[in-house]
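Student: Next come the chains, spelled out residue by residue.
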Amino acid sequence: MFKMKLPPLAQREGPSLDLGKWLSDFFLRYGLILTLILVSLFFSLRTETFSSLDNILDILRAVSILTIVALGITFSVVVRGFDVSVGAVTGLAVILSTALMVIWQVPWYLAVLICLAVGALVGLLNAFLIIRLRIPDLLATLGVLYLVQGLQMSITKGDAVYKGMTNPWSPTRAIAEGAIHPDFLRFGQGFVFASEGFRGIPIPVLIMLGVAIIAFVFLELTRYGRIFYAVGGNSEAARLSGIDVDKVRTIAYVISAVLATVGGLVLAARIGSGAVKSGDPYLLDGVAATFFGFAVLNARRANVIGTVLGAVFVGVMLNGLTMLNIAWYVQDVIKGLVLIVSLGLSYYTTRR
Amino acid sequence: MAMTSLRATGLRKTFPGVVALDGVDLALHGGSVHALIGANGAGKSTLIKILTGYYDAYEGRIEINGRPVAIRRPADAFRAGIEVVHQEVDTTLVPYLSAAENLLIEQLAAPGSGLFIRKQALYRQAQQIVDELGLEIDVRAQAADLSLPQKQLLVIARAVSRRAPFLILDEPTAALSIRDAERLFEIMRELKQRGVAFLYVSHRLAEIQEIADEVTVLRNGQKVAHFVGEAFDIAKGVEAMLGAPPGELYPKRQPAAERRLVMEVRGLCWGARLKDISFDVYQGEVLGIAGLTGAGKTELLRVLFGCEQPDRGEIYLNGKPVRFHLPKDAVRHGVYLIPEDRRNLGLLVEEPVRMNVTLPFIRDFSRLGFMRPSKEYARVLQLMDRLKLVPRKPDLPAKHLSGGNQQKVVVGKWLFGAPAVILFDEATQGIDVGAKRELYAIMRELARSAAVIFASSDIDEVLGVADRVLVMRDGQFVGEFEAEQADRQAVMRLAASTVHVRS
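Line by line, the protein sequences are chains A and B.
Going by the numbering used here, the first residue of the first sequence is number 1201, and it counts up by one from there.
Going by the numbering used here, the first residue of the second sequence is number 56, and it counts up by one from there.
Just to be clear, a hint being listed does not mean it is correct.
Here are the simulated lysine-lysine pairs, DSS-like style, with alpha carbons at most 25 Å apart [as the list claims (entries may be wrong)]:
| no. | chain 1 | residue 1 | chain 2 | residue 2 |
| --- | --- | --- | --- | --- |
| 1 | A | Lys-1221 | B | Lys-291 |
| 2 | B | Lys-430 | B | Lys-443 |
| 3 | A | Lys-1221 | B | Lys-448 |
| 4 | A | Lys-1357 | A | Lys-1477 |
| 5 | B | Lys-247 | A | Lys-1447 |
| 6 | B | Lys-330 | B | Lys-307 |
Reference listing, derived: stretches of chain B covered by chain A, where coverage requires no fewer than 3 residues with Cβ under 8 Å from a Cβ of chain A [what the hints assert, rightly or not]:
| no. | region |
| --- | --- |
| 7 | 377 to 385 |
| 8 | 411 to 419 |
| 9 | 422 to 429 |
| 10 | 525 to 535 |
On the chain B side, residues computed to face chain A include the following (Cβ under 10 Å) [said to hold, decoys possible]:
| no. | residue |
| --- | --- |
| 11 | Tyr-110 |
| 12 | Asp-111 |
| 13 | Gly-115 |
| 14 | Tyr-151 |
| 15 | Leu-152 |
| 16 | Glu-363 |
| 17 | Arg-367 |
| 18 | Tyr-391 |
| 19 | Val-465 |
| 20 | Trp-469 |
None of these hints come from the bench; they were simulated from the model.
Remember, predicted model here, so these are calculated numbers, not experimental data.
Cβ atoms here follow ideal geometry from the backbone N, Cα and C, with glycine treated the same way.
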């Protein structure tokens, strides 16, 4: 579990502090944070706009959806599960929310509630397949990934959702009369605390911070978090300690799907329309952020601060690389290399 | 082949804090069955592991046909012609391959065996091996579909078919019916004629009398007796396995001020593993359950704790019928389990001691859902003092503790609750004598306010710590003794009598 202090250094017996060991400990613990600072410094020296407050907030806004989705993945990983359906669930929320507003003219708040409920149902379905039917998590959620993706496209018969689209369900091919409400769009595009000379803080960033803080408090400070980590640590021992392991894992999958839905709602509000399969990239980037988080502070387990830093790290890299005019097709190569190196360091050193 | 011999001298293996094997000599000769017996923890498995290359660090010398050999890896043992058939056959079979493929897996994996498998030839060859041994196994069936005895015989057939001069059989009859066991003995006698040297490990002394030419008895890692041929009988074997009665290891029994009936179990059945189990247990007593590994002790405790659902039978707690669907329900009623295999079932090894011990009653350490770290630390430190748990560091991951202290963590997590019945399953396995003594004392203390059920395959231990002892064998209770008056050899004989699982 994430800890603020440094127990191994403090607990070492005797006065002899081996410098090499200390250094390697130090780098394991703070390596990712140091890299993040160094990369930021590098980019701000090379480009003029990188370190401006607006750009920082832009980066945070760019990673806000990713962070929310990644925090959902973090919950499933904490209980030693895995959920690959999140990208599809994100996409489902995008299409479902916009379609409800544009095609069926549902009030935006009702559309949000419906999406959250559907997200929770997908989480329950994952849990049912994994816990009751005992399908391995990766396979069960892969099946659900396809299922949800298909549903997503079926809602509009494969069309994207935008104002003035033809209603795919209308026999006369009438124009859909609804629109995406401006209040809804604020979740993706709005700012708060704007003042003279300051654009304000983007609302997606606030949502991300809210989710991250709640997740942090839940996992690190409450007994529920303790129980989640216990189930992930050794589910059989947790069961024999009187914990309802199945319930805990079910909740984790529901949280995962609901947060993927929240990410999808923010994404829909941000782009103002519903593009098909727009949630897909968040699966891989979210998994990457979660596993980057393993290396943060050498926690070697999924944790909220690690995931947030991991997501920001991914965002900073992409933003910086774009500013340096690195071709988009090279960016994935760099992402992959950085993930491999940070995980390699974290796992290789724990072997001994 | 007539010259085949294996001679091991001075085998010694230590683990941190424990000497598992202490200078043991052993000789195997072609055409002879050497039986190895001993109570749990006597060092039998350590000895087998050394001979099969499981350990690379140990002391001692191994000679084959007079020439020293180094056995440090499984491949070394294989080259030396040592084959082992383990108790758990499932781990050595590939479930979705056919019996024939499993039987000849070596050939399939060998370099130069060709890219494609010639199934018909394979089946023919496998059938030949099976016929030669007189086994009834469908070589085309998937290994997963074979019955347990069939799997056992298949693994034995595989070892035999490799023509290894040394064959180690570890509890081979545990899953066999009387007929299959007899068949196995016939095969063994035939292979003896061909010059194979056997090391035969078993708890079942009657079998040993029947099949063994030589018997070595281990106790506490040492060779304590060696019999040749007719010199062995069951009584002598039991005596050597048990040794002199242990001294002041066990706490004094205190006559309970009041004996209040806490739990009644009536007619409990669970599959083929538990058959019509009935007993009472009282507050103020330690009820011992003695039985060999596989007798059903673990299964019984798991049913009582709600891990498994009984097929039939009732459990009454304080006079009221209860049914536990999950361990959670048992815990709520004050029924707690200290499971066997503490590393895998009892502990979160990566987590700190603090997190381990507060897990079951974590609600007591939180307010409105939020953890209260200061309360948690204070009470964990109190607990560590009470249990003499060292080092006194609540944040130390459990994996860094010694076995004895780990076990104190597993017991300690229940001490924050209100126990009615506490179930101990092989609670002292792999821990040193000092820690054992402390655990017994803790148990006695717990027995003052609760009923304690103590299950162990160490007969002396059960007789030493319990007030009353039930002997278990093949899923049934076969005897009851007052611990103080019980004759340990009688208990051992009862527990070790040859009664095969009837299939």
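Student: Could you tell me which of the numbered hints above are not met by this structure, giving the numbers in increasing order?
Tutor: Those not satisfied are hints 1, 5, 6, 10, 11, 12, 13, 14, 15, 16 and 17.
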